[in-house]
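Asker: Listed here are the chains, written in short residue letters.
There are 4 protein chains.
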Amino acid sequence: MKAAIVGVTGYSGLELIRLLNQHSQIEVAEIYATKEIGRKISDLYPHLKGICDLEIQEFKAMNIIQNTDLVFLATPSGVAKEVSKIFVAHDFPTVDLSGDHRLSASSYQKWYGKGAADSEVLDKFTYSLAEFTSDQGKFISNPGCYATATELALIPLLTSQKIDLDTIIVDAKSGLTGAGKKLAESSHFVNVHDNYMTYKLNQHQHIPEIVQELQQFNSDLEHIQFSTSLLPINRGIMATVYVKVTDDVTDEEILELYQEAYADKFFVRIQNGLPDLHDVLGSNFTDIGFAYNPVTKVLTVVSVIDNLVKGAAGQAIQNVNLAWGFEETNGLLAGPSYL
Amino acid sequence: MKAAIVGVTGYSGLELIRLLNQHSQIEVAEIYATKEIGRKISDLYPHLKGICDLEIQEFKAMNIIQNTDLVFLATPSGVAKEVSKIFVAHDFPTVDLSGDHRLSASSYQKWYGKGAADSEVLDKFTYSLAEFTSDQGKFISNPGCYATATELALIPLLTSQKIDLDTIIVDAKSGLTGAGKKLAESSHFVNVHDNYMTYKLNQHQHIPEIVQELQQFNSDLEHIQFSTSLLPINRGIMATVYVKVTDDVTDEEILELYQEAYADKFFVRIQNGLPDLHDVLGSNFTDIGFAYNPVTKVLTVVSVIDNLVKGAAGQAIQNVNLAWGFEETNGLLAGPSYL
Amino acid sequence: MKAAIVGVTGYSGLELIRLLNQHSQIEVAEIYATKEIGRKISDLYPHLKGICDLEIQEFKAMNIIQNTDLVFLATPSGVAKEVSKIFVAHDFPTVDLSGDHRLSASSYQKWYGKGAADSEVLDKFTYSLAEFTSDQGKFISNPGCYATATELALIPLLTSQKIDLDTIIVDAKSGLTGAGKKLAESSHFVNVHDNYMTYKLNQHQHIPEIVQELQQFNSDLEHIQFSTSLLPINRGIMATVYVKVTDDVTDEEILELYQEAYADKFFVRIQNGLPDLHDVLGSNFTDIGFAYNPVTKVLTVVSVIDNLVKGAAGQAIQNVNLAWGFEETNGLLAGPSYL
Amino acid sequence: MKAAIVGVTGYSGLELIRLLNQHSQIEVAEIYATKEIGRKISDLYPHLKGICDLEIQEFKAMNIIQNTDLVFLATPSGVAKEVSKIFVAHDFPTVDLSGDHRLSASSYQKWYGKGAADSEVLDKFTYSLAEFTSDQGKFISNPGCYATATELALIPLLTSQKIDLDTIIVDAKSGLTGAGKKLAESSHFVNVHDNYMTYKLNQHQHIPEIVQELQQFNSDLEHIQFSTSLLPINRGIMATVYVKVTDDVTDEEILELYQEAYADKFFVRIQNGLPDLHDVLGSNFTDIGFAYNPVTKVLTVVSVIDNLVKGAAGQAIQNVNLAWGFEETNGLLAGPSYL
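Keeping their order, the protein sequence lines are chains A, B, C and D. For the first sequence, UniProt numbering gives the first residue as 1, with consecutive numbering after it. For the second sequence, UniProt numbering gives the first residue as 1, with consecutive numbering after it. For the third sequence, UniProt numbering gives the first residue as 1, with consecutive numbering after it. For the fourth sequence, UniProt numbering gives the first residue as 1, with consecutive numbering after it.
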């Protein structure tokens, strides 16, 4: 099966190359970007020499449709919604890693500050949190990185009637790859190193995505308090969730709740104690742990992922595996590098 | 004025040397440790060559009492409470940077897991959060690092009647110097670098210290939810405080509240927007910022300090300056290094 | 084919698990360590949950000989030379990742400061720099990390008659995993972070290993100047080689020299310009680049590897692949993570 | 004494503010930049709140000449040479931290790739390596960061007749602040973190500066081999110097050589063993250590500085102190932060 990647020089695009190189059924056949057309990707990114030496092509949707079986859109938000039109028109399998097909049109307009995808296009896409989507369909909207970590941490609680829905607070932290390749003061090495900064407080575009998805599991949920900060590292997200329980709970009850929810989900691991980033870096795992405080009646749930794997390229491949009937783990078996 | 430092080779002891070198009234005259007796501190720590070339002495309280005017205890918890006895007996000015004289005896026993200081010794010490202590006295118990950042963030709110006391959640993060010099798996470079880990959740010994101090400002407070994590950096603490307000507030009201509370406090700065660690590293400042979310009625307050300065040696010197009537900023004017 | 790993909890042991998990012909069947006997490795290292849940066993050579086909010794130097005796006695395939079977007995005694392996054991082992060893044999002595990077950088030059052998200077730098898991002041996070320190200057035990191996390619070589420093990162080695050329050379001549030397070597890539660590991290590649300075007649050659992969576990697997006739890249195709 | 800073928002400009805040004789009275005119520097850089709240002014040389006593040029190379004209014309004391007045006109043209300062301006400036300049004069050209570390390491050897001048190799490494604030791929956090990269090999503009200065001490010197690499940290330079000795030397001889050369120089410390970056960070010290290898006849000398202090703003202030007859250490007594 041949795949094209559009927006290959972004972090998600490069990660797709890295992971698909290990996939037994999918081959990266064509790569597209807006710059450096005609150059070998391995000349620009020497780490790819001998791994992927394809030439970067100028985007032509029809080439993709004629030559490949599937397209990954690893473009920035705002671009994917334009690019996807023609693929939808030709009923051509598309996986969008951007935020363009995740939200309702009005919500997208509000949080992304630009016009949403056309409704006939938007309606084709299925938001596919891999562990909770039974039918990915032909048009997959891959979840955001913060959203993935947060949703997987909260879904078992939302269906449990054990928590006060009005008290959910998420303190999420991400490595710098989550902020993309753009050159900015906030991504200059000197400003990030030895620092920790909170940004987009109450304004992050993953907030409506999380609420919208969680409402599928409990329609009484109205909002969450959500903060995002930058860790001085490259990869990794930790979502720390605080929530008041309605009645006292025991650690055993909570453990059972999570173990049941993820009993047959290979890529979600319930850990003893709280997981740290090293447990998942480089892999497609989501590790979850928790601790209950009977004094404050606050349950703390910690969820960690690699933002470029489970939070982007890895989950996209997992979704394709599920949609096409491949082994769920195909291309995704590389364990965490740990260090 | 001559000072002795006991436990000079710990991070707080070394930081006292660095800062007192800039003090116009206090000279480090004697230094004590349990190892390397008789060696020059600058042979062990070559960065001190030409700055402090004193020999390390074996602890003898009477030497300190006879030769100096003031002693800083930069020893681990459990040691200071033994060492302080003789200084109290001789009414000799003592500043304890450890946790040994902060808590009530029963609380210390519970959270530190060992017997507390004798009550006649304990009673002599004043817990001195510098901005809120009017009379430090002769025996100063210097606050903990997490406690300092958290208390300064919360005190203005506690006296305001604006918040729901039952909803306080503090997500605090610290660089590795906060964990001390002990060799442990959790301080090995490889395990910390590129990682972020939460530890001592609901069990950190600064929890009772914070609650005890905050109750001075609002006796209705019963508890706080408090988590501590390790950032892969050397210095710096950020305390992120989440709290529900009882009625809607405006950013202006909150700003006014904080500006009034810290109007004449040089070392607390209310910043526009949320401060980050770079704003204070190397300095004695506490920077505070906040943002209110009308959707969730959650107020987020962010407070940052350098854990070795305002969180340890710097505040200790500030307390001495206040107690002895020196300029509050003496020895503490070095600005943040920023980068 | 079943493999046992002795010393599984060291960095090389853990990396063997990570890489062999991707190998189609070799399965990790038994794991051994000196501590935590009877516990699941994934309880101690939660990142392995679902990937390797074997129990740690107490070392019993006969178990390994009876139950498996091959043993990897990932033990510290000084241990492997004892452990290997019985495997040699039973003619059981052994790969030693330590330094115990690399040097002549007298050289080992001098540089490691302890007695060497018995000569009948030592003689069985073949030092196997994978790219230059045609017959690995049954007993493989896997090269050191610094040695691998340095030897691959220098071998083409040594056979060329283009350089002054008396002028070779190697300035090598490594991430902290190269220093092992031992708790020490020099591996404490606070001492390493934001630092760069040179250690074991003129005394590193890889010096005789490098000289011994290089002399196979040019017996006139007498010594090299070699320095080692610690980078504040986890993985990666860069060996920067400076050498005077005897006659002026052109960049084209040097390029041709290296391209010929590594024409059919998948895991050595000659890059345009100087490679950096990101080009190889996580992979088994050695990337080499160079630049000639006609003013000083100094040729600079830069060679980078991941010290845990090509510098340890990866090359060990590569050697086994070559020895057993598997595809050379089996288990080793994961590309550099790049970031 | 009042000082103006031109180019205040660069790293050197900000560091001048930090250090001059501690100076008893010099006050920062005016600050200039090309952007954000009219805004308070502490609004742009909140870490300066309460330390320096001056407004940024648009550059007008006559204002500076009328209102202040001294100007620091912390502008990029290419700007200072234009700006300095009017100050020279008015015989107004000027310290240039850029490279514009360090080289001969022809050398500047060759290495900086642009036209040099006018010769009547250039002739007025004195290149002032503080430890070796007896008369700074009114127009001070402050040395480069790599140049400072390298020159102080080599000068004692150059006058000693002990080394082969044709064999000097310098492997220098710097933190990212050395590369300036410009946004570039090479300063993006993700590309620098966990990486180590060599750049401008044989092409760094400090090469002619070093050679020109060293030739003052030994006119037989023709060239040096010099490489520069980026460490994934913010501050600090290590220059590792390798050189062949002509006859065998002892460590004692070398020690004596260095101790004599720097006997009365407060800011140069000869350390036992090799210094590391932590020994000097935040301070104006240059620490030097060495080790001789009788096998290869190579002497290794390691020199470390903080690139923003001794390598820029600190040495500039030291030069002013010397020129104006202030205490040499005024404003520069802050010890290394060590961690």
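It is possible that part of the hints are untrue.
Claimed, not checked - In silico DSS-like links for lysine-lysine, alpha-carbon gap of 25 Å or less: (1) K200/D <-> K110/C; (2) K297/B <-> K297/A; (3) K110/B <-> K85/B; (4) K114/A <-> K162/A; (5) K182/A <-> K2/D; (6) K181/D <-> K244/C; (7) K2/C <-> K40/C; (8) K297/C <-> K297/D; (9) K200/D <-> K2/D; (10) K297/D <-> K265/B.
Stated by the list, open to error - Coverage of chain D stretches by chain C, computed from C-beta distances (three or more under 8 Å per stretch; other residues unrestricted): (11) 112-118; (12) 147-157; (13) 232-241; (14) 306-319.
Everything labelled a hint here was simulated from the structure, so no lab data went into it. Ideal Cβ positions, reconstructed from N, Cα and C, are used throughout, including at glycine.
Asker: Each hint needs a verdict: does it hold in this structure or not?
Answerer: Outcome of the hint check:
1. The straight-line distance between the Cα atoms of K200/D and K110/C is roughly 40 Å, outside the 25 Å bound, and the hint therefore fails.
2. For the proposed pair K297/B and K297/A, the alpha carbon gap of about 19 Å is at most 25 Å, so the pair holds.
3. Proximity of K110/B to K85/B is assessed by CA-CA distance (about 22 Å); at most 25 Å being required, the pair is judged to hold.
4. At most 25 Å may separate the alpha-carbon atoms for a hinted pair to count; K114/A and K162/A exceed this at roughly 38 Å.
5. A C-alpha spacing of about 41 Å is found between K182/A and K2/D, which places the hinted pair above 25 Å, so the restraint is violated.
6. The straight-line distance between the Cα atoms of K181/D and K244/C is roughly 36 Å, outside the 25 Å bound, and the hint therefore fails.
7. Between the alpha carbons of K2/C and K40/C the distance comes to roughly 19 Å, so the proposed pair stays at or under 25 Å and holds.
8. For the hint pairing K297/C with K297/D, the CA-to-CA distance comes to about 19 Å; that is within 25 Å, so the pair holds.
9. For the hint linking K200/D to K2/D, the alpha-carbon distance of about 38 Å lies beyond 25 Å, and the restraint is violated.
10. Between K297/D and K265/B, the direct Cα distance comes to roughly 61 Å. Violation of the 25 Å bound is thereby established for this hinted pair.
11. Interface restraint, the region 112-118 of chain D with chain C: violated (0 residues with C-beta to C-beta distance below 8 Å; minimum three).
12. A stretch counts as covered by a chain when three or more of its residues have a beta carbon under 8 Å from one of that chain; for the region 147-157 of chain D and chain C the count is 0, and the coverage is violated.
13. Note: the region 232-241 of chain D has 7 residues with beta-carbon separation from chain C under 8 Å; the three-residue rule is met and the coverage holds.
14. With 0 residues bearing a CB less than 8 Å from a CB of chain C, the region 306-319 of chain D misses the requirement of three and the coverage assertion fails.
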